[in-house]
Amino acid sequence: MTTMHTLNPTADPATDIDEVARLIRADGTRVCDGELDPWVDDVDHAFLRDLYRDMSLVRSVDTEGVALQRQGQLGLWAPCRGQEAAQVGTARALRPDDFVFPSYRELGVGLVRGAEPADVVLSWRGEVHATYDPQRMRTAPPQIIIGAQSLHAVGYAMGIQRDRGGEIAVAYFGDGATSQGDVNEAMVFASSFAAPVVFVCSNNQWAISEPVTVQARFPIAGRAPGFGIPSMRIDGNDVLACLAAMRWAADHARSGAGPAFLEAVTYRMGPHTTSDDPTRYRAPEDLEAWAQRDPIMRLEALLKAEDAWDDAFEAGVADRADELAAAVRDAALHARSREPLAVFDDVYAEPHTALAAQRRRFGAYLDGFADDEEDAR
Amino acid sequence: MSRLTMAAALGHGLRRAMRDDERVVLMGEDIGRLGGVFRVTDGLLDEFGPARVVDTPLAEAGIVGTAVGLAYRGFRPVVEIQFDGFVYPAFDQIVCQVAKLHYRTQGRVRMPLTIRIPWAGGVGAAEHHSESPEAYFVHTSGLRVIAVSQPQDAYVMLRQAIACDDPVVFFEPKRLYHRKGDVDLADASPMGLARVARPGHDVTLVTYGAQVTTALDAAAAAEEDGVSIEVIDLRSLSPVDYRTLAASVRRTGRVVVTHEAGGEAGMAAEVITSLVERCFHYLEAPPERVTGHDIPYPPAKLEALHLPDLDRILDAVDRVLGRPASPTGFEDEVVIPEAEEAVR
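Residue numbers (the numbering used here), protein chains in the order written: chain A, 1 to 377; chain B, 1001 to 1344.
The following block holds chain B by itself, in its conformation from the complex:
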């Protein structure tokens, strides 16, 4: 057991994967001599050399597109997209090529790429450095999507992602890069399962990434108020482990989903719908989602207003418990049109 930051745990995961399999090749901007802008790849160039730790030109489509070619050749590329907002230039290569080549070729071509993305906000960054693009990738068949929330998972799940024969988009919350945790370097738990981060019996609170920390804070605060919240960390966004989720919701009868990304057609919408399909008769209250606003990511001085905080989560918890809470804001929208002009 070691005490490591998430960045260091990820670095250990990469080192182990590269030692285990010489076909693992890292590619990205500034990942070599500099060790990556978050230092995740620190020291790997010295150990593995420039053929396996490749400092690339500044071209995201180029990074992912050439990784596709390496995968054709039987390599297992791990690419680093420097910041979440920089993944968009590579979007075509990811969703049209990486995600589809196995299907297109009836399984004859494998794309075991891992696409690492330093992700989401809360670090006071510049524009395009705090995006939450996970829903785009969850929506794309052929990709697996992972979002880690603690050093242990970062180490284990990164190795699992690299070993997986499918392409994996791997989200690393920037906000947690320097947070330390215990890491068991021998852990071999299976991929794709959600984790009960804190057991409870009144409300199921589902989340992932850096928001797990906020959710745990909310649960601790609620405990003082006599409310027991079960916090579930999804870890895998595609596929979602609905067994673990549904088992919890059937016990609690109440569900809140929270994430940083905007709510419209987001992960919460998907998770809630899927839980309603599975657990409708067990629900004691309409599920709630607490998400970022559907706005472009705001300037750093305003980001605290965008990120769902402990109070917004507890407000939703109050609502699913039928306790006094702030208005939903939906009240005015429920109108029965009496005349044609009313439906304009």
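Chain A on its own, in the form it takes in the complex:
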């Protein structure tokens, strides 16, 4: 049962960031970990390159998202720069039929799950609230309310149990969410009912301007065992460790042993959203220190050290990253707003007389401008 990394009860969530399970050091050297290694013994160079490509695509789209917002094409963007490994590594460990409940920052999870370019930008542009079909992508719409989705994942997992399905449900949330009642209630329900769910906390050190120490005085992974849930604290900038840990957690949940919890220790390199100014609350030297731990550079160093890197691969990834970013830009610039009465669509699944009347009245009001539009032509 104990796949948990022993936690020092005096550990500090902010300073003891090296108390994590890891397979690739910041300088790109591969290290062994008795618990994690068996979960990635099939990972060859081709697989590592795929992980590198995925992370590069996420970064490219993320950079484009920020640019589009700055150019006034998007209302808002929530950057995930620095968190690519935590997202790609964990999402790559899942089966397509597993069901994922992400927060708004999980761009990389969405891309791995099959999001299309338009899916990435239309909601930030304000055209629709949610873009892709959650049932088809088996991924819930990104959640804005902090931690609410953790309960949805547990409920979904309870449904899997009732259907005797072999899938698992996954909840992604940040360190700030662990302060929320919903996340704590989710762990109670998951544990009590042994639901096949994995909780992934991306501890990026900051909840807007609140440091993780305002959320936690002990490493967050240390909480789960108190709920009867085994947990692991991993290096969130080490994509291989994230893959391995998630494979362990998913296997644990899938086997019927109940929920598992991962804390991926990482860092949000950018602002909380494009409306935020992190220079007001964090030190440039912290940013510099974390830049040295960059997940993409780290994997590049490993690939080079293992002689699995060549110019053609690098150029191929760069081309694909540019292509995807261009497609995202194209989707944003060519978005077509829906017709006015669409604001009333899908409020209810069945007819609702009050809303139908309001729609009728607003439609009649809009029709009153038809003559003006005719004149203007």
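Rather than coming from a laboratory, the hints here were simulated on the basis of the structure. Even for Gly, the Cβ is constructed at its ideal location relative to N, Cα and C. Wrong hints could be hidden among the right ones.
What follows is a set of in silico ranges between Cβ atoms, one per label pair, in the way DEER data are often shown [stated by the list, open to error]:
1. 1310/B / 210/A: 39 to 47 angstroms
2. 1108/B / 336/A: 17 to 25 angstroms
3. 194/A / 1165/B: 50 to 58 angstroms
4. 1223/B / 355/A: 36 to 44 angstroms
5. 1264/B / 370/A: 47 to 55 angstroms
6. 251/A / 1037/B: 36 to 44 angstroms
7. 363/A / 1264/B: 27 to 35 angstroms
Going by beta-carbon spacing under 10 angstroms, a handful of chain A positions derived as facing chain B [what the hints assert, rightly or not]:
8. 135
9. 160
10. 166
11. 182
12. 296
13. 312
14. 315
Partner residues are not named here, just some residues of chain B that face chain A (Cβ under 10 angstroms, in silico) [said to hold, decoys possible]:
15. 1002
16. 1023
17. 1056
18. 1062
19. 1089
20. 1112
Here the structure of chain A is known, so what remains is to put chain B in place on it, guided by the hints.
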């Protein structure tokens, strides 16, 4: 036709719904072995087992939030919030998640949840056990809101709520749980329509929930006084069946709305405004509302002073009829400011 208490009628409704559709799952605190604190789910655990009658941890957001996940998976969860005042911890999950997921996803995700709430006062309960939170949910787009007043409706409308593809907040007046009525177990009347509980031609008295009983008592008393009151039980608070209401008001020209909840921005305010929009030229008098006071629900020994009783309703009826009645209390507020200091 069976003679059943409302609690038993609700239990029958749940049993029928669970037999008809194996995706119906019940969740709540103490609903299994105990059968619910009001015994509505009595016997269901034995018939359907713990996978379908789930005793949950004591966490309301958890109950509703996990039900959301079950709905994603294609289940039709029916959750019991043990008491009205306990729904507030689940408020975010209800108004931000349950109510909005269909809209947010352009109709790709359905939330056919039924949220049952033992509701309102008059039973001498402790604090937080007598609340009337219906206006919060009526105000939330994406939810349907039902309030039942008799065993027949309880049985039929609960089944309709569970079969509905939209989320339904379902209010069950605690005061009436043990009151018996005739229940036709084959009834299939449509959802969302108001019911003329007692026909009349002088005044339209609109209400819902346990207050229907009080309104009917008032109508019976008024009859002795030669006044004919038409009592309408809304049954559906969202949407409201304005066809039935407006048809009545156009005949009577007078309207009184009564409910237990406080009056400020409440159901009566909404119903009266909507009727004025539809029936202004038919009205013979300004509409009146008779509601609970805008106070926190008072201690049990004082609750009779809060709940609108027969006399307060008849007082308002007198006013809309232009008959001598108690002062409205608004008289002093109507002042025309003559100097700047007067408008402070």
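Against the structure, the hints:
no.	hint	verdict
1	1310/B / 210/A: 39 to 47 angstroms	violated, 55 angstroms
2	1108/B / 336/A: 17 to 25 angstroms	holds, 19 angstroms
3	194/A / 1165/B: 50 to 58 angstroms	violated, 30 angstroms
4	1223/B / 355/A: 36 to 44 angstroms	holds, 38 angstroms
5	1264/B / 370/A: 47 to 55 angstroms	violated, 41 angstroms
6	251/A / 1037/B: 36 to 44 angstroms	holds, 41 angstroms
7	363/A / 1264/B: 27 to 35 angstroms	holds, 32 angstroms
8	135	holds, 6 angstroms
9	160	holds, 7 angstroms
10	166	violated, 14 angstroms
11	182	holds, 6 angstroms
12	296	violated, 32 angstroms
13	312	violated, 41 angstroms
14	315	violated, 39 angstroms
15	1002	violated, 29 angstroms
16	1023	holds, 9 angstroms
17	1056	holds, 7 angstroms
18	1062	holds, 4 angstroms
19	1089	holds, 7 angstroms
20	1112	holds, 8 angstroms
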